[in-house]
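The listed protein sequences correspond, in order, to chains U and E. Position in the first sequence (first residue = 1) + 91 = this note's numbering. Position in the second sequence (first residue = 1) + 15 = this note's numbering.
Bear in mind the hints are in silico, worked out from the structure with no lab data behind them. Just so you know, not all the hints are guaranteed correct.
Below are the BS3-like pairs computed for lysine-lysine, each with C-alpha atoms no more than 30 Å apart in a straight line [stated by the list, open to error]:
1. U:605 with U:569
2. E:272 with U:236
3. E:131 with E:102
4. E:131 with U:485
5. U:240 with E:131
6. E:248 with U:198
7. E:149 with U:236
8. E:149 with U:485
9. U:182 with E:304
10. E:293 with U:236
11. E:164 with E:211
12. U:404 with U:198
13. E:163 with E:137
14. E:42 with U:569
15. E:272 with E:164
16. E:26 with U:526
17. U:198 with E:211
18. E:293 with E:216
19. U:198 with E:149
20. E:83 with E:26
21. U:643 with U:453
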Amino acid sequence: MLQFDILIVGAGGAGLYAALETSKRKGLSVAVLSKVYPTRSHTGAAQGGINAALGNVAPDSPEKHAYDTVKGSDFLADQDAVELMCEMAPKIIREMEHMGLPFSRLKDGRIAQRPFGGASFPRTCYAADKTGHVMLQTLYEQCLKNGVKFLNEWFLLSVVHNGDRVSGVVAMDLRTGGVHGIRAKAVILATGGHARVYWNRTSNALGNTGDGTAAVLRAGLPLKDMEFVQFHPTGLRRTGILVTEGARGEGGYLINNKGERFMKKYAPEKMELAPRDMVSRAIETEIMEGRGFRDDEGNEFVYLDLRHLGRKKILERLPQIRELAIDFEGVDPIEEPIPVRPTAHYSMGGIDADKLGRTPIKGLYAAGECACISVHGANRLGGNSLLDIVVFGKLSGEDAINYVSEIGFAPFDESEVKKEEERIDSLFSSDGKEKLVDLRSELSDVMSYGAGIFREEKRMREALEKVREIKERAKHVKVYDGERTFNTNLQQTLEFLNLVDIAETIVLPALERKESRGAHYRTDYPKRDDENFLKHSVVERGEDGELRLSWKPVVITKYQPEERKY
Amino acid sequence: MEKREVLFRIKRFNPKKDEKPYFQEYKLTVPKGMTVLEALQQIKDTQDPTLAFRAFCRSAICGSCAVKVNGFPKLACKTQIFNELDKFGTDTLTLEPLDNMEIIRDLIVDWDKPFKRMEEMKPWLVPDPEVVPKTLDEESRVYPNELKKFDSFTDCILCTSCFSSCTATQIDENYGGPFQLARVYRFAVDPRDALKAERSKIGYAFDMWNCVRCNKCADVCPKHISPVDGIMKLRGLSIDVGLKDNPGARHVMAFYKSLLESGMLNEVLLPLRTKGIKGVLENLPVGIKMILRGKAHSPVMKPIGEHETLIKVMKAAMEVE
Numbered sequence: 092m093l094q095f096d097i098l099i100v101g102a103g104g105a106g107l108y109a110a111l112e113t114s115k116r117k118g119l120s121v122a123v124l125s126k127v128y129p130t131r132s133h134t135g136a137a138q139g140g141i142n143a144a145l146g147n148v149a150p151d152s153p154e155k156h157a158y159d160t161v162k163g164s165d166f167l168a169d170q171d172a173v174e175l176m177c178e179m180a181p182k183i184i185r186e187m188e189h190m191g192l193p194f195s196r197l198k199d200g201r202i203a204q205r206p207f208g209g210a211s212f213p214r215t216c217y218a219a220d221k222t223g224h225v226m227l228q229t230l231y232e233q234c235l236k237n238g239v240k241f242l243n244e245w246f247l248l249s250v251v252h253n254g255d256r257v258s259g260v261v262a263m264d265l266r267t268g269g270v271h272g273i274r275a276k277a278v279i280l281a282t283g284g285h286a287r288v289y290w291n292r293t294s295n296a297l298g299n300t301g302d303g304t305a306a307v308l309r310a311g312l313p314l315k316d317m318e319f320v321q322f323h324p325t326g327l328r329r330t331g332i333l334v335t336e337g338a339r340g341e342g343g344y345l346i347n348n349k350g351e352r353f354m355k356k357y358a359p360e361k362m363e364l365a366p367r368d369m370v371s372r373a374i375e376t377e378i379m380e381g382r383g384f385r386d387d388e389g390n391e392f393v394y395l396d397l398r399h400l401g402r403k404k405i406l407e408r409l410p411q412i413r414e415l416a417i418d419f420e421g422v423d424p425i426e427e428p429i430p431v432r433p434t435a436h437y438s439m440g441g442i443d444a445d446k447l448g449r450t451p452i453k454g455l456y457a458a459g460e461c462a463c464i465s466v467h468g469a470n471r472l473g474g475n476s477l478l479d480i481v482v483f484g485k486l487s488g489e490d491a492i493n494y495v496s497e498i499g500f501a502p503f504d505e506s507e508v509k510k511e512e513e514r515i516d517s518l519f520s521s522d523g524k525e526k527l528v529d530l531r532s533e534l535s536d537v538m539s540y541g542a543g544i545f546r547e548e549k550r551m552r553e554a555l556e557k558v559r560e561i562k563e564r565a566k567h568v569k570v571y572d573g574e575r576t577f578n579t580n581l582q583q584t585l586e587f588l589n590l591v592d593i594a595e596t597i598v599l600p601a602l603e604r605k606e607s608r609g610a611h612y613r614t615d616y617p618k619r620d621d622e623n624f625l626k627h628s629v630v631e632r633g634e635d636g637e638l639r640l641s642w643k644p645v646v647i648t649k650y651q652p653e654e655r656k657y
Numbered sequence: 016m017e018k019r020e021v022l023f024r025i026k027r028f029n030p031k032k033d034e035k036p037y038f039q040e041y042k043l044t045v046p047k048g049m050t051v052l053e054a055l056q057q058i059k060d061t062q063d064p065t066l067a068f069r070a071f072c073r074s075a076i077c078g079s080c081a082v083k084v085n086g087f088p089k090l091a092c093k094t095q096i097f098n099e100l101d102k103f104g105t106d107t108l109t110l111e112p113l114d115n116m117e118i119i120r121d122l123i124v125d126w127d128k129p130f131k132r133m134e135e136m137k138p139w140l141v142p143d144p145e146v147v148p149k150t151l152d153e154e155s156r157v158y159p160n161e162l163k164k165f166d167s168f169t170d171c172i173l174c175t176s177c178f179s180s181c182t183a184t185q186i187d188e189n190y191g192g193p194f195q196l197a198r199v200y201r202f203a204v205d206p207r208d209a210l211k212a213e214r215s216k217i218g219y220a221f222d223m224w225n226c227v228r229c230n231k232c233a234d235v236c237p238k239h240i241s242p243v244d245g246i247m248k249l250r251g252l253s254i255d256v257g258l259k260d261n262p263g264a265r266h267v268m269a270f271y272k273s274l275l276e277s278g279m280l281n282e283v284l285l286p287l288r289t290k291g292i293k294g295v296l297e298n299l300p301v302g303i304k305m306i307l308r309g310k311a312h313s314p315v316m317k318p319i320g321e322h323e324t325l326i327k328v329m330k331a332a333m334e335v336e
C-alpha cells in the first residue's frame, strides 16, 4: 500500500501551498494527489486578483480589510479567522512575489492594486486578468523546485478514519483504473468547490464536483454553511463562463434595456462595485421586471459595457476577458457591450474546519474552497478566495507537519478499499434505467429553481423532495464503458454522484434558515434575523443515511453586526 | 437558428485492445455557436460513452483539451465548429490526438515526456539576493518595461499544442521543446532571477540551436505566445554569455559580420564561417554547381549603398534589445 506522512488531495492554490510548506521540512514523505495535472486546477481560472492591504495605491490596513470582509460576509464569517487571514495577506503576497509571481506593477515597480466589490480601497493585487493562472503556475514551479511528489490524474473515492484519527484515503488511478488504499498520518483535502451542482449555468470547471466535500459527508463528518452558494453577477450569456469583477473594478458599467446604470437603485454609493450577492440580485430583478434583454435562443441578460474604458486599457488590463467575449459570444468589448447574467460560482460552505484547517478527525484537514473556515460567511468578497486558499493552505500544511512528527500511522481498515471497489463494480452492473445526462440536468434545474438566487419555502420543499428522488433514481445509472484505462464515463458518473450527495446538504439548511443573509436570499423572509440565525448551520449524515442539521455559534471579536449598506 | 449536419471523424485507440489507431465516424446536428468540446461531450452523452478525451475549465485557461482539428492543434473548448467548417469549406471535422506524444486512449495523450523535459530545465525562479528582499516586509521592484519582456510567456497554459507541432521535437530526442525553452527565456529576463542570462546555457544543453524556426509553435499557440521568439532571444543571450564556439552561434555571427562588411549576406563565406573547412567541404558540390550556373557571387563583396546608415540602424536595434 502507498504510504505518506502527509497526503494532500487537490493541486490548486491551497493544495500546492500546503505542499510547498511541507516540502520545507526535510525527511517527511509528502505527496499531492490530483485528478488533473496540477496546472489544470480551477485556481487558474481566477481572473481578477487577490486582496491584501499593501496600501500601494491608497493607505490601507489589515483591520480595514477584515472589516470589509466581515461586512461583506453579512456578519456570518468567524472574525478571528478573518483577522488572521487579513493580517497574513501582505506577507503571503510578498512571499509569492519573491517566488516569481508576475504581478502587474505600478510605475515605481511596486505591485499594482485595483478596486474590487465591497472593498473600501483599491486592495486587489493582480496580474492583468490572469491572476489565478500565474499564481498556480508559480506555485507549481516552486513545488517542482522543492521536489514535491505528485500523483497526477488520481481520483479521490473516500476518506478513511477510525472515528478519532485519519488513516488515509481510497483513490483510483485514472490511467489504469486501479483502486488503491493510501495510508497517511495526515490528509489535507484541498479539492475545491461544488458549484457544478448547478450544472447548466456555472462558471466552474467540469470537475468542480465537490469530491472531497462529498467524501467527508459520506465519512460521517460535518459540513458547514452549505446553503450559501455565490452567484457571480457576470457570467457570459450562453455558457456562464466568468467575466471578472475586475471588469467592473476597472470601471465597467451594468446597463439594462432602458440604457440605465441600474445599480444606482440598489447600491447608490458603490454602484457596480457592491458585493456580488447584491449585484446578482439586482441583475435578476431587472430581468424579472422586464428591463433585461432577450436573444433568439431565449437567453435573458443585461449588458456589461466596457467601451468607455478605451482600447488601450482593455488590451492592457482585461486581454483575456476580451478574448473570451470574442470566442464565446462573438462580441469584441472594445466595440460592443458584453451580454452577461449571474452564474453559479463559489461555495462559501464546505467541510467544517477551524482556522488551522483542522476537522473533528485528528490529522484530517481541509483548506481552500472545499473548506468552510469560515472567512466568507454568507457572501465572499471578490479577491478573497485566492487569498483564502494560500493562507489556509499554508496554515494547514504547517499544522500537519507538527501533527505528523509526533505520531505514527493509524491502522487502515483494508475493507475500505474493497468497499469502494464494490461501489464501482455496481455501477458497471446497474440496470441503466436512468441516464446520467438527464439526471445531471434535472438536478441542475431543480437546484436553480429551489436553491438559486431567490428562494422561498414552497420551492425549497419541492427541491428537497426532487433531490431525494434523483438520489434514488441515480442508483439506476449505468457505466457503459467497460474499459479501465481512463474511463471518463466512470469518472463523470462518480462526480455526478458526489453532486447528488452535496445538493441535499445545500437545500436542507436553506429551508431551515428562515432569514435572508448574503447569498441566501428568501423572498418569504427578506430580512436578516440576527436574533435567531446569527449562527452557522452544520449538516452531518447519520448512520441511517439521513442528514442531521445543527447549529454552531459565530465567532465575533470586534465587529458588531450592523445593517449592510453600500 | 442555423444548424448544420456535421460528420465527425474521430481517431480511436486503446493500446490495450487495438493493434493500431482507427477512425470512427459520428454524425451530429450542430447549432451555431457550438464548440468542438461541446460536440465531443454530446457525442459521449448521446452516442458513445466510451469516447475518451480530457476537458476541465472549458474557458481556455486550463490547457486540458488540446486536440488536432483537421490537422491543427486547437483547444477544443474555444474552437467554434462553424468557423472550422467555413475555413476548410467542408462539413467534416477530423479530430485526432496531439502528436509527438504516446496515446493513452483515444484523444488522451501521455504528457509525461514534455513535462519531465520541462522539469529538467529548471523552470522556477532562483531569487537574486540583490533584487529580491530578504524579508517579507518588502516586495521586489519590477518595472513595467521589465515585466513586458517576459509577461507574454507567463500566459502559457501547458496545453502542449506547440510541442505537438514542433519540427525539431520530431527529429531530436534531446531537443528541449518550444514551451519549455520559452519558459527558460521567461526566467532569464526576469530581473528577480539570480541565474539571468546564464539560463541560456540550459537552452544550449537542450539543443536550442536545433530549432528550425518553422514558426509552427507560434502559429498554433491558443494564447498567442511566440515560443520561437523566446528561443531566438535565448540564443542571443547565449552568445552574450560567451557560448560562441558552436555552429549555431557562428552561423548567426557570420550573418552579422556579413552585414557589417557589405550589408549583404555573403553566402560564399557562410559555410566557412559557420563550420570551418568541414563546412566548405560539405558545401563544395553545391558550390561548384552554383559557380557553373553563374549563381555564385565573389567572396569579396562591395558594400551596398548607404551601408553606413544600415550599420547605424543595426546598432540602434541592438541598444533597444
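Against the structure, the hints come out as follows:
Straight-line distance between C-alpha atoms of residue 605 of chain U and residue 569 of chain U comes to about 39 Å, which puts the hinted pair past the 30 Å bound. Restraint check: the Cα-Cα separation between residue 272 of chain E and residue 236 of chain U comes to about 41 Å, which exceeds 30 Å; the hinted pair is violated. This hinted pair does not check out: residue 131 of chain E and residue 102 of chain E have alpha carbons roughly 36 Å apart, beyond 30 Å. Our distance criterion of 30 Å between C-alpha atoms is met by residue 131 of chain E and residue 485 of chain U, whose separation comes to about 26 Å.
Among the hinted pairs, residue 240 of chain U with residue 131 of chain E is consistent with the structure: their alpha-carbon atoms are about 13 Å apart, no more than 30 Å. Among the hinted pairs, residue 248 of chain E with residue 198 of chain U is consistent with the structure: their alpha-carbon atoms are about 26 Å apart, no more than 30 Å. For the proposed pair residue 149 of chain E and residue 236 of chain U, the alpha carbon gap of about 19 Å is at most 30 Å, so the pair holds. A C-alpha spacing of about 19 Å is found between residue 149 of chain E and residue 485 of chain U, which places the hinted pair at or below 30 Å, so the restraint holds.
Straight-line distance between C-alpha atoms of residue 182 of chain U and residue 304 of chain E comes to about 69 Å, which puts the hinted pair past the 30 Å bound. Using a Cα cut-off of 30 Å, the hinted pair residue 293 of chain E and residue 236 of chain U is violated, with the two alpha carbons roughly 42 Å apart. The hinted pair formed by residue 164 of chain E and residue 211 of chain E meets the criterion: a straight-line CA distance of about 13 Å does not exceed 30 Å. Simply put, residue 404 of chain U and residue 198 of chain U have alpha-carbon atoms about 15 Å apart, close enough for the 30 Å limit, and the pair holds.
For the hint pairing residue 163 of chain E with residue 137 of chain E, the CA-to-CA distance comes to about 22 Å; that is within 30 Å, so the pair holds. Between residue 42 of chain E and residue 569 of chain U, the direct Cα distance comes to roughly 24 Å. Compliance with the 30 Å bound is thereby established for this hinted pair. Straight-line distance between C-alpha atoms of residue 272 of chain E and residue 164 of chain E comes to about 27 Å, which keeps the hinted pair within the 30 Å bound. Of the pairs offered as hints, the one joining residue 26 of chain E and residue 526 of chain U holds, with about 26 Å between alpha carbons and a cut-off of 30 Å not exceeded.
For a cut-off of 30 Å, the pair hint linking residue 198 of chain U to residue 211 of chain E stands: about 23 Å separates their Cα positions. A threshold of 30 Å between alpha carbons decides the hint, and for residue 293 of chain E with residue 216 of chain E the separation of about 25 Å falls inside it, so the pair holds. For the hint pairing residue 198 of chain U with residue 149 of chain E, the CA-to-CA distance comes to about 23 Å; that is within 30 Å, so the pair holds. A threshold of 30 Å between alpha carbons decides the hint, and for residue 83 of chain E with residue 26 of chain E the separation of about 10 Å falls inside it, so the pair holds.
At roughly 20 Å between alpha-carbon atoms, residue 643 of chain U and residue 453 of chain U fall within 30 Å of each other, so this suggested pair holds.
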